Structure formats: C-alpha cells, structure tokens
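4 protein chains.
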Amino acid sequence: MELKVSRKKKNNKTIIKVKDIEIGKGEPVIIAGPCAVEGEEVYLEEARFLKEAGVQILRGGAFKPRTSPYAFSGLGVEGLKILARAREITGLPVVTEVMDPRDVEIVGEYADILQIGSRNMQNFTLLREVGLINKPVLLKRGLAATLKEWLLAAEYIVDSGNEQVILCERGIRTFEDYTRNTFDLAGMVAALDLTHLPVIADPSHATGRRELVGRVALGAVAAGADGIMVEVHPRPEEALSDGGQSLAYEEFQKLIRSIKRFKSQSS
Amino acid sequence: MELKVSRKKKNNKTIIKVKDIEIGKGEPVIIAGPCAVEGEEVYLEEARFLKEAGVQILRGGAFKPRTSPYAFSGLGVEGLKILARAREITGLPVVTEVMDPRDVEIVGEYADILQIGSRNMQNFTLLREVGLINKPVLLKRGLAATLKEWLLAAEYIVDSGNEQVILCERGIRTFEDYTRNTFDLAGMVAALDLTHLPVIADPSHATGRRELVGRVALGAVAAGADGIMVEVHPRPEEALSDGGQSLAYEEFQKLIRSIKRFKSQSS
Amino acid sequence: MELKVSRKKKNNKTIIKVKDIEIGKGEPVIIAGPCAVEGEEVYLEEARFLKEAGVQILRGGAFKPRTSPYAFSGLGVEGLKILARAREITGLPVVTEVMDPRDVEIVGEYADILQIGSRNMQNFTLLREVGLINKPVLLKRGLAATLKEWLLAAEYIVDSGNEQVILCERGIRTFEDYTRNTFDLAGMVAALDLTHLPVIADPSHATGRRELVGRVALGAVAAGADGIMVEVHPRPEEALSDGGQSLAYEEFQKLIRSIKRFKSQSS
Amino acid sequence: MELKVSRKKKNNKTIIKVKDIEIGKGEPVIIAGPCAVEGEEVYLEEARFLKEAGVQILRGGAFKPRTSPYAFSGLGVEGLKILARAREITGLPVVTEVMDPRDVEIVGEYADILQIGSRNMQNFTLLREVGLINKPVLLKRGLAATLKEWLLAAEYIVDSGNEQVILCERGIRTFEDYTRNTFDLAGMVAALDLTHLPVIADPSHATGRRELVGRVALGAVAAGADGIMVEVHPRPEEALSDGGQSLAYEEFQKLIRSIKRFKSQSS
Numbered sequence: 127m128e129l130k131v132s133r134k135k136k137n138n139k140t141i142i143k144v145k146d147i148e149i150g151k152g153e154p155v156i157i158a159g160p161c162a163v164e165g166e167e168v169y170l171e172e173a174r175f176l177k178e179a180g181v182q183i184l185r186g187g188a189f190k191p192r193t194s195p196y197a198f199s200g201l202g203v204e205g206l207k208i209l210a211r212a213r214e215i216t217g218l219p220v221v222t223e224v225m226d227p228r229d230v231e232i233v234g235e236y237a238d239i240l241q242i243g244s245r246n247m248q249n250f251t252l253l254r255e256v257g258l259i260n261k262p263v264l265l266k267r268g269l270a271a272t273l274k275e276w277l278l279a280a281e282y283i284v285d286s287g288n289e290q291v292i293l294c295e296r297g298i299r300t301f302e303d304y305t306r307n308t309f310d311l312a313g314m315v316a317a318l319d320l321t322h323l324p325v326i327a328d329p330s331h332a333t334g335r336r337e338l339v340g341r342v343a344l345g346a347v348a349a350g351a352d353g354i355m356v357e358v359h360p361r362p363e364e365a366l367s368d369g370g371q372s373l374a375y376e377e378f379q380k381l382i383r384s385i386k387r388f389k390s391q392s393s
Numbered sequence: 127m128e129l130k131v132s133r134k135k136k137n138n139k140t141i142i143k144v145k146d147i148e149i150g151k152g153e154p155v156i157i158a159g160p161c162a163v164e165g166e167e168v169y170l171e172e173a174r175f176l177k178e179a180g181v182q183i184l185r186g187g188a189f190k191p192r193t194s195p196y197a198f199s200g201l202g203v204e205g206l207k208i209l210a211r212a213r214e215i216t217g218l219p220v221v222t223e224v225m226d227p228r229d230v231e232i233v234g235e236y237a238d239i240l241q242i243g244s245r246n247m248q249n250f251t252l253l254r255e256v257g258l259i260n261k262p263v264l265l266k267r268g269l270a271a272t273l274k275e276w277l278l279a280a281e282y283i284v285d286s287g288n289e290q291v292i293l294c295e296r297g298i299r300t301f302e303d304y305t306r307n308t309f310d311l312a313g314m315v316a317a318l319d320l321t322h323l324p325v326i327a328d329p330s331h332a333t334g335r336r337e338l339v340g341r342v343a344l345g346a347v348a349a350g351a352d353g354i355m356v357e358v359h360p361r362p363e364e365a366l367s368d369g370g371q372s373l374a375y376e377e378f379q380k381l382i383r384s385i386k387r388f389k390s391q392s393s
Numbered sequence: 127m128e129l130k131v132s133r134k135k136k137n138n139k140t141i142i143k144v145k146d147i148e149i150g151k152g153e154p155v156i157i158a159g160p161c162a163v164e165g166e167e168v169y170l171e172e173a174r175f176l177k178e179a180g181v182q183i184l185r186g187g188a189f190k191p192r193t194s195p196y197a198f199s200g201l202g203v204e205g206l207k208i209l210a211r212a213r214e215i216t217g218l219p220v221v222t223e224v225m226d227p228r229d230v231e232i233v234g235e236y237a238d239i240l241q242i243g244s245r246n247m248q249n250f251t252l253l254r255e256v257g258l259i260n261k262p263v264l265l266k267r268g269l270a271a272t273l274k275e276w277l278l279a280a281e282y283i284v285d286s287g288n289e290q291v292i293l294c295e296r297g298i299r300t301f302e303d304y305t306r307n308t309f310d311l312a313g314m315v316a317a318l319d320l321t322h323l324p325v326i327a328d329p330s331h332a333t334g335r336r337e338l339v340g341r342v343a344l345g346a347v348a349a350g351a352d353g354i355m356v357e358v359h360p361r362p363e364e365a366l367s368d369g370g371q372s373l374a375y376e377e378f379q380k381l382i383r384s385i386k387r388f389k390s391q392s393s
Numbered sequence: 127m128e129l130k131v132s133r134k135k136k137n138n139k140t141i142i143k144v145k146d147i148e149i150g151k152g153e154p155v156i157i158a159g160p161c162a163v164e165g166e167e168v169y170l171e172e173a174r175f176l177k178e179a180g181v182q183i184l185r186g187g188a189f190k191p192r193t194s195p196y197a198f199s200g201l202g203v204e205g206l207k208i209l210a211r212a213r214e215i216t217g218l219p220v221v222t223e224v225m226d227p228r229d230v231e232i233v234g235e236y237a238d239i240l241q242i243g244s245r246n247m248q249n250f251t252l253l254r255e256v257g258l259i260n261k262p263v264l265l266k267r268g269l270a271a272t273l274k275e276w277l278l279a280a281e282y283i284v285d286s287g288n289e290q291v292i293l294c295e296r297g298i299r300t301f302e303d304y305t306r307n308t309f310d311l312a313g314m315v316a317a318l319d320l321t322h323l324p325v326i327a328d329p330s331h332a333t334g335r336r337e338l339v340g341r342v343a344l345g346a347v348a349a350g351a352d353g354i355m356v357e358v359h360p361r362p363e364e365a366l367s368d369g370g371q372s373l374a375y376e377e378f379q380k381l382i383r384s385i386k387r388f389k390s391q392s393s
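Chains as they are written, first to last, in the numbering used here: chain A, 127 to 393; chain B, 127 to 393; chain C, 127 to 393; chain D, 127 to 393.
Be aware that a few hints might be false.
Any copy will do: because identical chains look the same in the list, a pair fits if it lies in one copy or spans two.
Stated by the list, open to error - Pairs of lysine-lysine, BS3-like flavour, derived with a Cα cap of 30 Å: (1) 380 / 136; (2) 380 / 134; (3) 380 / 274; (4) 261 / 143; (5) 380 / 135; (6) 389 / 139; (7) 177 / 145; (8) 151 / 380; (9) 177 / 261; (10) 139 / 177.
These are computed hints drawn from the structure, not numbers from a lab. Predicted, not measured: the structure shown is a model, and the values here were computed from it.
One chain only, chain A, in its complex shape (with noise of 0.2 Å):
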C-alpha cells in the first residue's frame, strides 16, 4: 500500500501556507527564535530583532521536554501568551511545541504551526490528536528514527485527516559526540524526493555547536531544504536551555546573509 505522504500517491509537492508564507514553494523559509520563551521583555526584544532580521517565522518553546525533571520546562500558558504577543506586535506567524495530547487544543488556540519534538516522534496518542486540527504541524525526526519510521508518524497525522505536515531533520544520534547529534543531509534530501511534504533543516539541535550552525543551514538550503530553523538569543551565555548551540545578533545575520546571496544566485 502507498502511503499518503508519498510522492507515488500525490506527486505535485505538498505547499503550506501560513499566513502570507508558502512553504514548500521553492524559496527556502527561514524559522527562529530562541530555545524557551524565557520572559516577555526579552522575547519581544527578540522577535522585534528577528522580524527586522528577515525572518518569516518566530518559534519558541513554551512546553518544554527536558530530559531530566529538575531543568527548566518552559513557562506553559504564560509563556504562549508572549509568543501570542510577539506575533501581534511582529505580525509574524509563530511555532511552539506541544508534548500532551490535553494541550493540542489550547496550543493551537495561541500558535501558528504546532511543533511534535523529537522524543514525542512515536507518541502516536498525541499524533493522532494534532491530525484532527487545522493547524500545520512540524514534525521533528525522532533522536534514532529511521526515515521509514519518521514518514509513518507524518502518515498518522495525515491519515488522521490533517495534511498540512512539515517535517524537519535534526540530526540522529550516533557514536559521535563531539556534536551533539549527527545531521542526516542525505536523509533530508531523500525525504524530499520519497514524500510530497515540505523538509525543513534544524541546525541547531543537529550539531549543538553554535560555530558549525551557519555553514550546516547553508549546506542544507545547497541541497534542496525548503526551510530552515534557527535558535537565536540575544545572549546565548546567559540562555535558560541551549545556550551553547544559540547563534549571537551578529552571527544570526551573517547567516541570513550567507542564504539570501545563494538564493539570489540559485534564481
């Protein structure tokens, strides 16, 4: 049986719009926005920066999955209540990550995308629940998932009667470990050509090094990646989660400018 995720059953790509974005339409998207939304001064500061920046998506974890209990879990509500506000005063869609099914409902009443991170990649409880909204949904490659496995979770979502599924490659977890997960580009770029859904690149969670970030998200816009998302703080040494793997102002720009000089020459 051909599953609906795949280009043998609907071969014209799958193209989701948010707002006044098309992704999946050719013109590499770009996402970011820090790890956790950590407080809504600093985050308005920084979706005002990002919007200026030229990013078209602002992303920020309100629930946060943490491996263990004792870390920083995000602000819950509280915290979808500035990503709200960031999109009212930036007009930017936003994408946040949802970890329970009993939070599908409010998540999606605050966020633009809602976002399934890696360790919920299997959670098929709560895949089914985000395939009965109307609402695009991320879908991150799980830490060991194959290509296989990861494109049957996008199928539960579709099949669940939700076909508006982004996903995004995040690096696999292998013996190495001077990053901290390995980024799968030929993964990627084979996702892009089994399924008609649009492939994002996550650089950051994929190398966990701040300094590899920028050539990684280039690499992956080189080979096809409709998007790419970005954590950026405005001071990634005093960051609540991730602050390690978070581009500085500066370095976020130099980014954006490195990819818009290869759009500008791919056209």
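Could you slot chains B, C and D onto chain A? The hints should help.
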C-alpha cells in the same frame, strides 16, 4: 545533586511487591505472555498454560504502539477486560502498556503493573502521570536512550511520588541489523549498580529472533537481572504482532527449565 | 599536547599541490572516476570524458578492499599501469588506494596521491608507511571513527614526516539503512575548523545512492568542502563494484554545472 | 554460495587444539593477562599468578595498536620474547596480536595463537597473510562490524587455507558512552549458530569498566560462549594501557570461582 533513583541517595535495594511476588529480592521473576491480547479465548488458554509453566506475572498489550498507523493497534479497553479476566482465573498479576496520559486511570483499574514503552520513555507528561498513581511502573529503556537518560526518565516518575519503578532493558538501536535491536547486557548490569530500582531484561524485543531469546535470557539472569519478560505465543506464526520473536510453548518450557536449573545452582 | 594537524599548532591552511592543482586554496577540487579500474579501454575512454567534463584529478581503484573474499578485488599492478596511461593521455593526476604497507612503494611510483581507505584508517603500520613517502595522502574517515580518531590517524602520517594529508569524509555507520552510510556534514565542517589540512567529501560512498549524490555534493561544497570525490561510470548498471552509487555521464555533467554555478556566485 | 565458515557448509563444530587445550569443545576456556607486556619481571610474576588461578591461555600485547601515535605501543620483539619465556615457565600457550603482514612470521615463531585486533578486522592483506600459516587465529570483531562482515573476515582466513579461527566478540560502537563499547550478547549467540567456529567473549574491551567485567563474563558463559578473554593486571592503576578495565588479582580470582561454580552446575 544526587537523583532519587540513585544508589548514592538510597543504597538498599527497592523491592516491589505485586500480590505475593517480590521483584528485586534476588530470585529472578518471570513475566510472559503474547505481544498483544488478540482475543479472549486464545489469551485465557495461554494464561492457563503460562501459570502452569511457572510464570509469575502475565503480560499482554491492549494498547499497542505501532510504527504504522495501519497495523493492528490492540483491542483497547476490551483487551484490558480480557487481562482482568485472565488475572481472575489464574491469580497472576498482569502488566500492560499505557500510551496516553488520559488512559492512566483506566489502565490502572485493570492492571497490576503499568508499562511505559520504549517509544514513550521520554514522554514526560506520561511519566508525570504514572508518577501520581500507586501502582508499579515498568519503564522500558528507549530505543536510543543512554543509561543516564533512562535513569532520568525513572526520576520523573519517582519525583512525582511513585517509587515503584522497574527498569527494563530491551535492546538499543545500533547499526547491527541481524538482530532487531542490540541487547545491552553491560548497560543492564550498570543500571543494577547505579540505581536501587529492580532491573529486568526483555530478550524478545532485544533480539527479535526466537532462536536467540532463550540464551540471551539466561545470560541476563546469570549477570544478575531481577527478572525477564518474554513473549510467548501458542502459534507464533499466526501472531498479529511480533510473531518472529515469540517463543512457542515447548521453547518457553525449555527456557524455564534452564533458568530454574541455574537458580537452584546459584543458591 | 597540541597535535601537529591542529589549527592550534599551525593556523594557516595547508595547501597541497599536485601538478598545477592546489587543494585547500578555496576553490573546491573535483576528483572523479569509476570505483575500480576495470580494463584499459573503458578506463581511458572514461578518463577522456572526465577531463572534458572539467575533472581535475582522476580516481580509480587498482587494489580494492572487499568485504567478501570472493568479490572482484581489482586488477592490482595491471590497474596501476592503466592509471598511469590515463594520466599520460589526459595530463590529469591520479589517486588510488593502497592497502598493504608492502605496496606503498609501487603504488607511489604510479599514483600522484595515495588513498587510505576507511577500513584501514586505523591500520597504523600502513599510516606510518605512507608517512615516509613524499606524496600526498588522501585519508578517508573510518566507518565508525570519531573526529578525534580521524585526526589522530592523520597525526600518524604527519608525525612520520609527511605533511601532505587530505582528509575525506565519506559517511559514518549508523542505524539508518536507507543510505549506505550517513554523510556527516557537521563533522566535515568541524574538521575544517580543527585542522589546517584540506577536507573533502565523498558523497558516493556516503549515500550509496546515485540520485542523492549530486545534492549532497552541492551541500558539502556550500558548507565549505575543499573538494569532492565522486564515482562516475559510463554504464553504472554494468560496473563491477559500486554501480548503484555511480553517476552516469549526464548526471555528472549536471553536477559539475551546479558546482560551477555555485562557485561563480560565491566569488 | 555458502561460506566455508558457515554451519550450512560444515555442521560439526570446529575444535581448535592448542597444546592440550581444546577450544570449542563445550568447556569455556579462560584466556587472561595484561593488556600489554610491560616488562619481563612483572609479566612473569603475573603469568605465575594466572597459571595458579586456573588460566589456560596467557595473553599480552607486544605490538599494540594505539589511537594516538604518542601512546605506548608495546615492546615489539622484546615483548614477544618475554611471552615465550612466560610460556616456557608456566607451560601455558600464549596469544598476542599481529598488526603488520610483515610481522606474521616472527609473531608466529613466538606465539601459539595470533590475534587480529578490531581495527584490523578488515585489513584484508593481513587476513590473507595469517590464512597462510598453520597456527590458530583469534579474530576480534570490528568496532562497527556487522555479523556478516565479521564472518566474511573469518572467511578470508579460512579461504586462504587456515581453518583454525576463533571469533571474539568484544563490543561494538554505539551511542552509549557509559561503557567503552556495547557488548553484543545476542550477536555472540548468533555467531555460535551461524558458524562452526568457536566464539569467545572479551568483556574487558566490551565494557571498559572493571566493575562490570565479571558479570558480563558470566552472562557470556551462561549464554554459551566457548571462552572468555579478560585483562588482568597486578596493579591496574599503574597499567600503561587499559588500566580502567583490568581486573586486580582478587577480582579475577572471584570471577574464576563464579565460572567454575557455573560450569560444575551446568554439567
């Protein structure tokens, strides 16, 4: 900070009592049953056989996490009722998986031990939810979880108020594809040292090949496992899931004899 | 102690000259050829095509490491002679693998660059031996080598007296089996930072699938690779080895055009 | 085509005789010694202890493969002479590693069993070379070798004329970094089924942690290993290599007692 699950925090072994069975007391406990509860008649027949064969705890999936949305995903509440019936008839406690935080209450009504599957090892909202009940939880190691992440997942449950956690090593994902997963014997032994919680082995999922299950189980017991959990099916070739790794009756009886011989010798 | 291959020991990039080609100088170098030298006529035909297409260095295996003792293992010295003939005709330098310390001398007589294959990355006696000659060495990353181990393997060669080492990322072994290996883009970028040696990419072995080779190559170049090494075969379906990952002529020409367009744009 | 190492080609188990020891005959063989031969006095002292403790074959490295070119790489021929002296005094056979095809002859003069290390499992010229001699070869599984590749490496030796191959599972490389490698118990059991060659376990390299060695060794024996190879050092904290995984004398004596108890019970 020392974790609550750590030997450094509490040196004496946690013993988990389920009816008259004590897990973690030295004698390896035998948990067995089919992958999924497929129907009342077949399950009760099997339960009687397993009781006869010396099994102490019955297993069987009512809610089945499946990689594909089109695979058999269990009988749900109907399956729970069959498990309860088997418990009534045999007097044996039952363990079954819970996948959704909204199902914790109902699964807890029917089962003696709630299982968190590999794919949900970092489903933190589910971990918190089973941390609020007063029933033992069998926590399987994630497909690609490090020892540290596995113990931190257990910490979520204990920190939420439920100390009755049984760890279960079920193989990790590696490049080796002859076996379904790679059984991490040394990881299991290390978990026995690092934590005061009981640690058992699941050689069925670890190997995915019935001809290897018995010897891997025996190796785990010899290395100190507090128990083993094995898939058994009256007619493995007809199983709706995991037939290839399920032991037929006579194979299982042979394994039980080996373990009994080993146990009598070590005491 | 800082390694001799480290940027901390010597910050300025090592540029390796082979005839009039300079590897590491900024412009990505194109190395191409069939997996194995299969015969004089076919190799010379291909060499002429590759020269025409813009290739700067020819590759071709005379001594082939093969997993099975019964697979085609190359033409040996006969293959070396064919390579030398191709070099004479096209004027292009050639790179070929050496597997045995006793063959270093003879391979060095025919080839311009000696390749150490993945399986021999920690063949320390072979590393020492190619460290004693005055020819560039192309050192492939091992199947499961960490960055650190890869750099230490290079250190063996440099410490033995030969500074002309080119590192080649060719994919690492992970659980993902859709691709032959997992191309480690971030690892390649990190190697470019950590060492002063040139670092190139081999998308053919990394992916094992010809339809992915071109985009992975382009991604590697965009991320900063000093060159790429690609398998090309006039009739991939007839290749004695690695046919599935070899580009046909027209596919290769398309890749060359993409890279040229990219290069002209970035300069 | 069936491999020469396959059970399908030859069903009856290959038994390898070294002096009066028979490897593969049912009784697990104990091989022990320090990682490296560090000097005559200390090695002879240890050899006497090991003989006394019940060891059947002595191990000790004279040529040591080391990740770094600056690490202690063994005493070379001087080390071989010390091994020969230990053999003379204790009457026990010795096993030692050979890394270079040019050294096969001289190592064969001093040692009873030649070891091919993990890093050389696919050093095909070395495999061919040890296939030409009339001495048993202990072939370690590669760091990231599949079962199939491991058996094909053995096939190189057998196909070259030497049927006396002992396979040694020593842990594979995975994402888990608490242990040095991941001991693949099921892979060892599968190798026992797939091939007629003896298969032993090396829990020292597999775990890299002395506190885990004993229980992993016992698990391997219970699962059917034809023997174990263990690193022992009179003062592990002073060892020039692998001190962290070497058993002290009293730890080793305890392990020997456990294995003897296990053996007497299973017979």
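Tested hints:
1. Within a single copy, residue 380 and residue 136 get their C-alpha atoms only as close as 38 Å, which misses the 30 Å cut-off; across copies the closest is 27 Å, which meets it.
2. With identical chains, the CA atoms of residue 380 and residue 134 are at most 30 Å apart between copies only, with a shortest distance of 25 Å across copies and 39 Å within one.
3. For the homomeric pair residue 380 and residue 274, the shortest alpha-carbon distance between copies (29 Å) is at most 30 Å, but the shortest distance inside one copy (35 Å) is not.
4. Taking identical chains as interchangeable, the C-alpha atoms of residue 261 and residue 143 lie at most 30 Å apart only when both belong to the same chain, with a minimum of 10 Å there against 46 Å between chains.
5. Within a single copy, residue 380 and residue 135 get their C-alpha atoms only as close as 40 Å, which misses the 30 Å cut-off; across copies the closest is 28 Å, which meets it.
6. In this assembly of identical chains, residue 389 and residue 139 lie within 30 Å of each other by CA distance both inside one copy and across copies; the values are 20 Å within and 29 Å between.
7. Proximity of residue 177 and residue 145 under a CA criterion of 30 Å is satisfied intra-copy only: 15 Å inside one chain copy versus 50 Å between copies.
8. For the homomeric pair residue 151 and residue 380, the shortest alpha-carbon distances inside one copy (24 Å) and between copies (23 Å) are both at most 30 Å.
9. In this assembly of identical chains, residue 177 and residue 261 lie within 30 Å of each other by CA distance solely inside one copy; the values are 22 Å within and 50 Å between copies.
10. When the C-alpha separation of residue 139 and residue 177 is checked against a cutoff of 30 Å, the pair qualifies only within one copy, where the shortest distance is 28 Å, while the shortest distance between copies is 38 Å.
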